[in-house]
Amino acid sequence: MSAFGRVGRVERVERAGRSEKITLEIQDLSITYRGGGKEVFAVKNCSFSISRGDVIGLVGESGSGKTSVLMAIPRLLPTGTLVHGRILLGGQDITKRGERAMNELRWSRVALVPQGAMNSFTPHLTIERHITEVLNFHMKMSGRDGKSRASELIGTVGLERDILTRYAHELSGGQKQRAALALALACDPDFLLADEPTTALDVITQKEVLETISGLVRERDMGLLLVTHDLPIAAGVCDTLIVMKDGSIVERGNSRQLIMAPKQAYTCELIEAIREMEGGHA
Amino acid sequence: MKRRLSTICLALLIILAIAGPKWLGLQDGVQAPAYSKPYWLDSTVAGSFTLDARDGEEVPLSWSYAPPLRVTITGRLDEGFVRWRTPDGDFILADTPGELDLDARDIPFKRAMGISPFGNMASVLFPADGEYKLDLVGRGDVSMKVEGGRWGVLGTDHRGRDVATLFVRGIRVSLLVGITATLIATLLGMSLGLLSGYVGGLTDTLIMRFVDVLLSIPTLPILMVLAGIWGKGLWNLVFILSIFSWMGTARTVRAMTLSLRDAPWVEGLRAIGARRHYIIFRHLAPEALPLLLANVALGVPGAILAEAGLSFLGLSDPRVPSWGRALHEAHTYGAFTNGAWWTILPAGLGISMICLIFMDIGRKLEEQVDPRLSAATALTFQREGEE
Amino acid sequence: MITLLKRLLGSAAVLVVVLVLNFFLFRIMPGDPLTGIVDPRFSPEAKQQLAAQWGLDRPISEQFVVYIREMLSFRFGLSMMTGVPVWDELKNRVPNTVALLLPALVLSSALGLWLGVKAALRRGSIIERVVLLSGAISFSFPSFFVQLLLLMCFAYLWPIFPLRGTTSIPPPAGIAYLFDYIWHMALPVFSLVILGFGGFALYIRNMMVKAMGEDYVLMARARGLPYSRVVWNHAFRGILPPVLTILLLSLPGVVSGAVITETVFSLNGVGRFLLEATNSHDYPAAGAAFFLLALLTVACNLGADIMYVLVDPRVRRESSRG
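Chains as they are written, first to last, in the working numbering: chain A, 14 to 295; chain B, 310 to 696; chain C, 10 to 331.
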């Protein structure tokens, strides 16, 4: 798999950016964890924006603060975490919203595709219950409507209908991630936030799952924020890349330009690491 | 374990149990009227005391209480008479030589004092507040025992025994029964658990099924029946308690053995030809020891509570003063109707305190074995891949 | 189905063990069962006659068969004290024990559950401290001590509840009887709730704290579900199987507690019957009471087992496939 594939996407984003789009703007975001009497900075003054139709990769090594940024958007950081800055969704600051108002926004506007290694499904509920539950709460869709939409969704992500009646522990890793994607798409959100969606999967399944995600996102013209430590994956899927290190954004730009001509030493290092790995594979 | 409040308390209790009766001058047996109040409780009630007068002695007494419950005069009068001087007048208690054994409730004595047989002699002898004197005019040795409604630090029980003494005596029983029963049970559980986990197969199945069965039978009724059949001795109780409390330990040890049995270093031992009992006793048992220590400490409260429960039901040796027995007697002999809460609180709090102490020590030991259990670590933030 | 069948077999095994234990317990004691109750001045002939009356002169195998028949037919043999079938006396006592334990169990688990969940959601709050404290109390305070204190406070110092008994003597008639009964049962049940909820709440709190940290709970929140739904349908529902297990494991203790509670409050129940029978060496009666208490435990265990299977999809799925 080449780190420089799928270059032709760039024009499409520029074209899409001109039309009226809902935008998610992160402004001066800082996150500090508190625990055990200590305060630990996770993210410092981080700003970027993503519109419907954008596919942005947030890249960095583990500990760089990328997951914190992602979880801060639907405000799911552990209680007691200090978050400064503004998060605007369609021009409105959502950081000041109450929990109830936030709940209306979660999943119907911003949905999460969790890490592959996460137990993202409640173990005692079937996949179908997960989907009908969100449909019921966010779209007031009940009973038969919910079920038919669930089976429609499960087909869209390339799974068999009988997956619906299964529990998470009865699915393989790839099936679980596809089911998670189906669940994320249930309420037609504006933005998908995917946090390392392909870790813990084998290479072939990784590729398939990623292709399904990016295909569906582009088809539905959603915004995708893909958090990953894997630069080739990000470059393969995303139009724009944002590189984070130690809680700050060190570089951002068009995928191809960034990889061809990185401005920062850190990005160079990341790319070097990949070149070495690819060299090793060859 | 150093300088933890619970260990200090435990040490103090042990010292009190061993040296307490001597140091504090506690006395067993009947001391004062039944259900005497603690001394500090009610200052309008007299305590219990004895006045001794010998050859021509005058023993003074200042009195500012209600009349006592009972007055008895014992001793020997060789010559002269015994005079009781009260603020309201004098009484000649005895004037004929000989052995004295007078009780203020005796009708002949009352008549001798010129009181009707139904009158209360104690209130005649103690008519008002003021200075009293017991005079022995002549030769002899007379003592006057005055029994009031107050005694000691913690009062008396239904038989007039000192509650404080019973409390101190009870520490010994609780500790003895709790610790020995748990030790025996732990040894039993450990051997069966090791056997079950290491040998496996049919042995394992049989032992574990047996554990399941024992765990789902209510134990107190069995213990009651056994105590009823085998007699109520202290060691019988220890034995009965230990044969019904080894199951939890056996389960824990078995689980540990199972996880250790297939550990690489044990396989290594097997590969170099170590014998089974050598592996079990030289390698697996030491590994399980810290956890077992915690297990013992955590098991003691259970044994103490079971002992106390059986004693409370009256299924313990009546000659052994235990806390459970004290509560049994308080319940059976109407401590309530006498309002004698002091017979209930010390014993009950004693049991609770000892259990809390052992729970705390057990928790601490457990935390040392497995630091994840510590509350301090539990409170640091749990989630988030990125610190 | 396999799982359920296994549990059923397990319960049957427990009952068999109880039956055998019960039989031999009373026959391994020193001397013969009659020494406890028969006046030593009795003539050997009279003794012989008494032994014949309880079938103690037969060979042990025959005694066992008779014993099993008596037990399974719920007649339990003749009482050595009164000479009437034990069941005739015991059957009046069973409802009292059930009326004591059932409400106590339901109320204490409901209270423990509610407080435990609340404590887990509000770490560091007063509720959490109450749960931690009452948990420590329920593990270290002897039940009879707490009950004696309650009796002292609410039946003697401030006499709003009766000091002893299941009903007033003589019992009132009609609807007043019901109120009288409830009035007598209130304090015992209350005491069992006070003693029982703490341990349960502490356990639920610990489980719930762990569950709230699970990934799937975070994801349920991410899905914008209402908080109560996240807490109950996702987090709590997930810990329900172990909660049922702990409830199940606590049942023998609860039944044991009945003996003590009935003694403290002088209730006419199976537990006190057992105590009285043990004290008067009435072995058939004691054996019957013990068997009934064990049966009660086994029945509750089985009920909890069935609930467990219904509640845990993993077990359910395996059992329906098996």
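It cannot be assumed that every hint is accurate.
Claimed, not checked - Pairs of lysine to aspartate or glutamate residues, derived as EDC-like cross-links and limited to a Cα-Cα distance of at most 20 Å, are as follows:
1. K419(B) with E408(B)
2. K127(C) with E183(A)
3. K15(C) with D521(B)
4. K442(B) with E388(B)
5. K442(B) with D521(B)
6. K454(B) with D513(B)
7. K220(A) with E232(A)
8. K15(C) with D404(B)
9. K541(B) with D224(C)
10. K219(C) with E676(B)
11. K419(B) with D404(B)
12. K454(B) with D521(B)
13. K219(C) with E675(B)
14. K442(B) with D399(B)
15. K541(B) with D521(B)
16. K454(B) with D415(B)
17. K454(B) with E367(B)
18. K34(A) with D106(A)
FYI, nobody ran anything at the bench for these hints, they're computed from the structure.
Hints and how they fare:
1. K419(B) with E408(B): holds, 18 Å
2. K127(C) with E183(A): Roughly 32 Å between the alpha carbons, so the hint for K127(C) and E183(A) is violated.
3. K15(C) with D521(B): holds, 13 Å
4. K442(B) with E388(B): Holds, at roughly 19 Å.
5. K442(B) with D521(B): With Cα atoms ~73 Å apart, K442(B) and D521(B) exceed 20 Å; violated.
6. K454(B) with D513(B): Between K454(B) and D513(B) the Cα gap is close to 69 Å, so the pair fails against 20 Å, i.e. violated.
7. K220(A) with E232(A): holds, 18 Å
8. K15(C) with D404(B): Not satisfied, since the Cα-Cα distance of roughly 89 Å exceeds 20 Å.
9. K541(B) with D224(C): violated, 55 Å
10. K219(C) with E676(B): holds, 17 Å
11. K419(B) with D404(B): holds, 15 Å
12. K454(B) with D521(B): violated, 61 Å
13. K219(C) with E675(B): holds, 19 Å
14. K442(B) with D399(B): Within the cut-off at roughly 9 Å; holds.
15. K541(B) with D521(B): Roughly 28 Å separates the two Cα atoms, so the pair is violated.
16. K454(B) with D415(B): The hint holds at about 15 Å.
17. K454(B) with E367(B): The given pair, whose Cα atoms are some 16 Å apart, holds under the 20 Å limit.
18. K34(A) with D106(A): holds, 17 Å
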